[in-house]
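Chain by chain, the residues:
Number of protein chains: 2
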Amino acid sequence: MATNQEEVKLLGSVKSPFVCRVHIVLKLKGIEFEFVDENLANKSDQLLKYNPVYKKVPVFVHNDKPISESLVILEYIDETWKQNPILPSDPYHRALARFWSKFIDDKIVAASVKVVHSVGDEKEREKNVEESIEALQILENELKDKFFGGEEIGIVDIAAVFIAFWLPVIQDITGLKMLTAEKFPKLYNWSQEFLNHPIVKENIPPRDPLFAIYKAYYDSLIASK
Amino acid sequence: MATNQEEVKLLGSVKSPFVCRVHIVLKLKGIEFEFVDENLANKSDQLLKYNPVYKKVPVFVHNDKPISESLVILEYIDETWKQNPILPSDPYHRALARFWSKFIDDKIVAASVKVVHSVGDEKEREKNVEESIEALQILENELKDKFFGGEEIGIVDIAAVFIAFWLPVIQDITGLKMLTAEKFPKLYNWSQEFLNHPIVKENIPPRDPLFAIYKAYYDSLIASK
Numbered sequence: 003m004a005t006n007q008e009e010v011k012l013l014g015s016v017k018s019p020f021v022c023r024v025h026i027v028l029k030l031k032g033i034e035f036e037f038v039d040e041n042l043a044n045k046s047d048q049l050l051k052y053n054p055v056y057k058k059v060p061v062f063v064h065n066d067k068p069i070s071e072s073l074v075i076l077e078y079i080d081e082t083w084k085q086n087p088i089l090p091s092d093p094y095h096r097a098l099a100r101f102w103s104k105f106i107d108d109k110i111v112a113a114s115v116k117v118v119h120s121v122g123d124e125k126e127r128e129k130n131v132e133e134s135i136e137a138l139q140i141l142e143n144e145l146k147d148k149f150f151g152g153e154e155i156g157i158v159d160i161a162a163v164f165i166a167f168w169l170p171v172i173q174d175i176t177g178l179k180m181l182t183a184e185k186f187p188k189l190y191n192w193s194q195e196f197l198n199h200p201i202v203k204e205n206i207p208p209r210d211p212l213f214a215i216y217k218a219y220y221d222s223l224i225a226s227k
Numbered sequence: 003m004a005t006n007q008e009e010v011k012l013l014g015s016v017k018s019p020f021v022c023r024v025h026i027v028l029k030l031k032g033i034e035f036e037f038v039d040e041n042l043a044n045k046s047d048q049l050l051k052y053n054p055v056y057k058k059v060p061v062f063v064h065n066d067k068p069i070s071e072s073l074v075i076l077e078y079i080d081e082t083w084k085q086n087p088i089l090p091s092d093p094y095h096r097a098l099a100r101f102w103s104k105f106i107d108d109k110i111v112a113a114s115v116k117v118v119h120s121v122g123d124e125k126e127r128e129k130n131v132e133e134s135i136e137a138l139q140i141l142e143n144e145l146k147d148k149f150f151g152g153e154e155i156g157i158v159d160i161a162a163v164f165i166a167f168w169l170p171v172i173q174d175i176t177g178l179k180m181l182t183a184e185k186f187p188k189l190y191n192w193s194q195e196f197l198n199h200p201i202v203k204e205n206i207p208p209r210d211p212l213f214a215i216y217k218a219y220y221d222s223l224i225a226s227k
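One line per chain: the protein sequences are A and B, in this order.
Take the first sequence: its position 161, counting from 1, is numbered 163 in my numbering, and each next residue is one higher.
Take the second sequence: its position 165, counting from 1, is numbered 167 in my numbering, and each next residue is one higher.
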């Protein structure tokens, strides 16, 4: 258990969905921590020291021991602070939770990044949108309960914060529709339930500044074509 | 614990380093299992049923419950059969083991695949070889003991079977040198120690047929350019 003497630090940036995952789980478990807002255009010595391999946020630091990669951090936190577990206790359901968390990174996030970057190449963009929709369809079929974690949010829901919050921002900026209530009613309802969860609601970044940052980035992409 | 009544099945192909990971850990733990050799050019109904998302091997089946993704399977096996653990018991070292296993997939395996597929494009290939060497250098710096797992092999070593066995095959086929004793003495020594481990030695595929399969694939790539 954490005590006040412990160092619990999150090096992050509010615009990152991967940082947001860690933020949500720390709040869900009621762990006090220091948030270090990194300027990713001018990375701190601390970030370079703690994550020399990727030089990326999030980095989670517990008593001077750094951990990178958001899903790895989530599992570490769940193993270290047992309250409000985000992984199931049964090994098979743990395996499924890991599988779907990885699926979100490998398929949903990856496809969305490609959608954004293929601006100006209609054929490529169409392919990427289709890939994204196929992946969302797989997740739609997988959703059986209120949350992926059942009645409570778990690691898959938290990994999927990208789908609930970032994807709609991307849709509004690009004018593309991937996650809609018509196409994916279960996933859309999930996203609303998830965003209304008291811990999530309080700890997702404010939309307007995030929208402005992403919009500026997207405009710079268009200008570079 | 496994009993003789249990169904423990591995859907695989001897040419896959991801399947080999699961094979090694099952043998390391002394778990009896049925190996189902999949013809990947003509996938079985069983494979499509058990892994509808990726339709890929390995699929591990335990009492009719299927699991995909080799690192997810490895963790499941380690949680279900406790003998000869491949993950450290301490949460921080577990996190590091997960980080490095993922690094091997995201950086080393991915770069090697790109090296192979960039045949015919010298500039692209040079970039990919460099990427591969940079990733190997990071791993070289990380290796402190006989194995990544310390005195015994662990999940990182098993994930790295690709580096010990598949990468040299790729090097011999492409004529490119990435992992050499001169460039990476620690990693090279590790690869020899690892391949000489009694369980590994007995359970890696025979080199000649594997070489022939990969060579034929590489020749077909060249022909298609």
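Watch out, some of these pointers could steer you wrong.
No copy is singled out in the list; a pair is fine if it fits within one copy or between any two copies.
[As the list claims (entries may be wrong)] Pairs of lysine-lysine, DSS-like flavour, derived with a Cα cap of 27 Å:
no.: 1; residue 1: Lys109; residue 2: Lys58
no.: 2; residue 1: Lys104; residue 2: Lys227
no.: 3; residue 1: Lys217; residue 2: Lys31
no.: 4; residue 1: Lys31; residue 2: Lys125
no.: 5; residue 1: Lys109; residue 2: Lys57
no.: 6; residue 1: Lys188; residue 2: Lys11
no.: 7; residue 1: Lys51; residue 2: Lys179
no.: 8; residue 1: Lys51; residue 2: Lys29
no.: 9; residue 1: Lys185; residue 2: Lys227
no.: 10; residue 1: Lys146; residue 2: Lys227
no.: 11; residue 1: Lys129; residue 2: Lys116
no.: 12; residue 1: Lys116; residue 2: Lys217
no.: 13; residue 1: Lys129; residue 2: Lys109
no.: 14; residue 1: Lys125; residue 2: Lys185
no.: 15; residue 1: Lys51; residue 2: Lys188
no.: 16; residue 1: Lys217; residue 2: Lys11
no.: 17; residue 1: Lys129; residue 2: Lys227
no.: 18; residue 1: Lys129; residue 2: Lys57
no.: 19; residue 1: Lys148; residue 2: Lys67
no.: 20; residue 1: Lys125; residue 2: Lys45
no.: 21; residue 1: Lys217; residue 2: Lys179
no.: 22; residue 1: Lys185; residue 2: Lys31
no.: 23; residue 1: Lys31; residue 2: Lys203
no.: 24; residue 1: Lys104; residue 2: Lys116
no.: 25; residue 1: Lys84; residue 2: Lys179
no.: 26; residue 1: Lys17; residue 2: Lys31
FYI, nobody ran anything at the bench for these hints, they're computed from the structure.
If the cut is 27 Å between Cα atoms, do lysine 116 and lysine 217 qualify within a copy, between copies, both or neither? So lysine 116 and lysine 217 pass the 27 Å test inside one copy only (16 Å; across, 32 Å).
When no copy is specified for lysine 129 and lysine 57, does a C-alpha distance of 27 Å or less occur within a copy, between copies, both, or neither? between (31 Å within a copy, 20 Å between copies)
Given a CA cutoff of 27 Å, do lysine 31 and lysine 125 count as a within-copy pair, a between-copy pair, both, or neither? Neither, since 45 Å and 50 Å both go past 27 Å.
If the cut is 27 Å between Cα atoms, do lysine 146 and lysine 227 qualify within a copy, between copies, both or neither? Neither: 42 Å inside a chain and 46 Å across chains, both beyond 27 Å.
For lysine 188 and lysine 11, with the copy left unspecified, which applies at a CA distance of at most 27 Å: within, between, both, or neither? For lysine 188 and lysine 11, the Cα distance exceeds 27 Å both inside one copy (35 Å) and across copies (34 Å).
Which holds for lysine 185 with lysine 31 at a C-alpha limit of 27 Å: within a copy, between copies, both or neither? neither (34 Å within a copy, 46 Å between copies)
Between copies, within a copy, both or neither: which fits lysine 109 and lysine 57 at Cα up to 27 Å? both (23 Å within a copy, 14 Å between copies)
Between the shortest in-copy and the shortest cross-copy C-alpha distance, which are at most 27 Å for lysine 109 and lysine 58: within, between, both, or neither? both (20 Å within a copy, 15 Å between copies)
Are the CA atoms of lysine 148 and lysine 67 at most 27 Å apart within a copy, between copies, both, or neither? Between copies only: 23 Å across chains, 36 Å inside a chain, cut-off 27 Å.
Is it within a copy, between copies, both, or neither that the alpha carbon of lysine 129 lies no farther than 27 Å from that of lysine 116? both (10 Å within a copy, 21 Å between copies)
At most 27 Å between alpha carbons: which applies to lysine 51 and lysine 29, within, between, both or neither? Cα proximity of lysine 51 and lysine 29: one copy only (26 Å, versus 39 Å across).
Is it within, between, both, or neither for lysine 129 and lysine 227, if the alpha carbons may be no more than 27 Å apart? Close inside one copy (19 Å) and across copies (23 Å); limit 27 Å.
Hints 2, 3, 4, 6, 7, 9, 10, 16, 20, 22, 25 from the list above are not met by this structure, while the remaining hints are.
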